[in-house]
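Peer 1: Could you put the whole structure together from the sequences, leaning on the hints where they help?
Read off the chains here:
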Amino acid sequence: MSRTPERSTMHNDVVDDSPFEVRRRTFLGFVLAGSTLTVAADLSLGAPKAMAAVPSAPQIPEFYDLGDLQTDAALPTAQLITVVINKDGTASFEFPRTEVGQGILTSTTMILAEELDLPMSKIKVTMAPARPELVLNQLTGGSNTTVSTYTPVRVAAALARQRLLAAAASLFDANADRLISKGGVITDPVGGQTATYGQLAELAASNVVEQLEVVLRGRNTFKVIGKPTNRLDARAAVTGQKKFTTDLDVPGALPTMVCRAPQHKGTPKRLRNKAQILKMPGVTHVEMVDTGVAVRAKTFGQCIDAVRAMKVDWNPGPADGESDATVLAELRRAELPLVVPEIPGATVIDTDFAFAFRSTAALETYSAIADVRSDRAEIWAGLKVPILCAENISLMTGIPVNNVKVNVIDGGGSFGHKLFSDHALEAAQISMKMGVPVKLMWHRADEPRHGRLHPMATSRCRAVIVNDQVVSFEQRHTSVVTDFSHGLGEILTSMTDELPTGLGGLGFSESIFTLTQELPYNFGAVTQLLNEVNANYATGSMRNIYSPDVATANELTIDLIAKKLGVDPYQFRLNHLKDDRAKAVLKAVAKAGNWGRKMPKGMAQGIAVHKEYKGATACLVEIDCRPQTVNRDLGVKETYTGPRVTKAIIAVDPGLVINPTGLRAQMEGGFMDGMAMTLTASCHLKDGKFLEASWDNYFYTRQWNVPPKMDVIIVDSGIDQPGGAGEAAVAVSAAAVACAFTRAKGKVPAFFPTNHGEIGFRVKSFEPPIPASPTNGLKTTY
Amino acid sequence: MPKQTFILNGKSVTVDVHPDVRVLWVLRDILGVTGPKYGCGINVCKACTSHINGKAFNPCAVRVGDLKDQDRVTTIEGLAATDPGPGLHPMQQAWIDRDVPQCGYCQPGQIMAAVALVKKVRREGREIRESDLDKIRNICRCGTYHRIREAIEQGARNMK
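These protein sequences, in sequence, are chains A and B.
Each position in the first sequence, counted from 1, maps to that position plus 9 in this note's numbering.
In terms of this note's numbering, the second sequence has 95 at position 97, counting the first letter as 1, and numbering is strictly consecutive.
If you are wondering where the hints come from, they were derived from the structure by calculation, not from laboratory data.
C-beta: ideal position from N, C-alpha, C; glycine also.
Careful, some of the hints might be misleading.
Unchecked claim - Reference listing, derived: stretches of chain A covered by chain B, where coverage requires no fewer than 3 residues with Cβ under 8 Å from a Cβ of chain B: (1) 159 to 167; (2) 231 to 243; (3) 252 to 262; (4) 449 to 458; (5) 716 to 726.
Peer 2: Okay, structure coming up:
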């Protein structure tokens, strides 16, 4: 195992002090009326005016991507975020974004500390409950949190410090310019007087709302931003004190689970033995809801027993009769044609890949606490779009949205799963029907079978080569319909008139595809198109939307082009990349990973590069596909070992780095996702049912798959705006592993993950829909 | 209702519950000890990993009726107290030093598994190897695996 020393050095030579730069960094903020200093900034501040700098670029994401859409969505309305300086000298901020493990509460605390001159320990950032007035601006997704909130958070913090300095100046009878703020204390170096933020909080407060100008600090003065910082909640996490939804003690909210249909999205017709279930130990309530039959009991264990005892008649799901093969055939029929005409003497490279359904589930299963009364409702859950959740619960229950309180709870992972409010809506319906508070938790088996899935897709590419030059590159991506009803769809609707030319008239999915996909190479005429069919599945994005599949198809095709032209695949990429940032990260991994080194037979390197989220990532891997590795026996049944990636190196240029430690974590985690998508993780569909029901069925990366050598290199291109990190490593990792696998095996795979053809587990029962809890745990201690 | 007695984090506890209920739900739903997490309920994901009499076990797969009065159950909440040193257990400290957690949901189970693994290999008269790390079954869906491996090596060095 190795880790490189810190390489995230901040440029100190950025021009910050020119009049233009100062002017550019002047923003308007607000001092709100209050008994203690309360400052606010408009959440839409600092949205880069990307449209103004549009080059005549062939692809939309180069100048206007999904992040811009999300950031711009707020522009028309005043949407204030508020920082309060408390009388005890602390600062508090309710952040309208959701922490699901990506580290945004830590990085946002760092941003506040930077502009407030206050230690991080004195800053409390919490998650705001649903704030319906924010309309479209409380969505955590698309790796957009820091991109969209970096400037407004700084403006609010800088204004607070400015006000505190002014208050101190008046107190000391000194000029504010000569005062120094440090560690939450303001000092007059001339008079020697000092005052803490706590002492100044009331003095700096205002009776009226005032609008004031504030100047932000230049990057060359940063002391906190860019410094490796550990997570603020790490201690709580490692001591068991961090609270997730099912850990909360809401009075009367007893454990509740749902008996679900054998088929995906099947619905209940009738419970035949309700009286018997009600008599079971611990059971308090049994009710039929849209998604199944719910049971509430004293413990979850008793819910499991009750679910297993239920005799339910089911309606088939919408995918009745469908299987992997029928869905794939339907996708094939829907593939848009490749249109470049045949050119005499040209070489054509055609590739064709298919990608299985994948479960987007986190380790924390879908969980929500709901307390729905006749006139009000309250929800506690991990939710990335809490406003839409509140609105949907209002619609379902008839309770006005102002009486629906949605508390946002730390999520035990999301990966796209918590963009949807499925769990909260189901809990609300159960609470409404039972007339009592409920603590709903999905069983693990429910997740791959009924939870959100990354849709099955195909990706076809055609490159045309004339005189050793790639003159055209076409890609046709065809997918099962991706559900964007979590809010991005609403944003698009509201923004229709504002979107760049080329997006008008496209549906949600096609628009999002167009806003996220960018082939970073100079390949002449490039077209990337999406078509979607079959809306029978609960789908969504999984730590990236289309990119991992699209990038895997592209990068494998590029390896084939390079091979055809007899050029080294790394050199070929370098020769054709448009962008210096992409070239820099590619060079970084090639150098650190010793690209081109000789490998034993059955082992190989792979290299790939990707541009998204206002940044660039590259990945180099080495894979071992030799039989002794693939067929490792770890002594436990249902352990899928498979090929081992023995080394992974990721280089990332995400723009301005807030927290290098958090960024590394996102790169490493993104790699684990990308590798799983290529080698191990998928759901098998058979007669409308998904076969997977356990982590030993759905092969997400496990320790025995983890590369023993892993390294993350942060490349600084001197940019002063942060990009996105949460998803930035996934696509490039999936692609690099696919390229290495192909080279090691000497054969291009047609289907991903590469192990999808084999079912390496015994399928668990569908009726009952969840497995019994084992009793032999005392025999497996170690 | 029969009474079930065992020792939890150093203190004897007695609960009124059906003996068939798995220990995980006795801890979480009745005693409010929520460090051990639910991730599968079938002893696969290992998110609930805790210790019984100093060895790793998964309370989702043990009936509370199968515990004896003198069985010592330790959850993440009681781990630090099992170490002679002050403050956190060295494995918890290693987790903090390496900034292992992301969402944090699996980490109590990961740490409890790591401590038991180090003790197990020491009983075998050796130290942790890469091949031992490969056999850890605890799922981390955030993908913190690499830092977990680093932290176990550090934690093991500091475990007496």
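Peer 1: Which numbered hints does this structure break?
Peer 2: Number 1 - this is the single hint that the structure violates.
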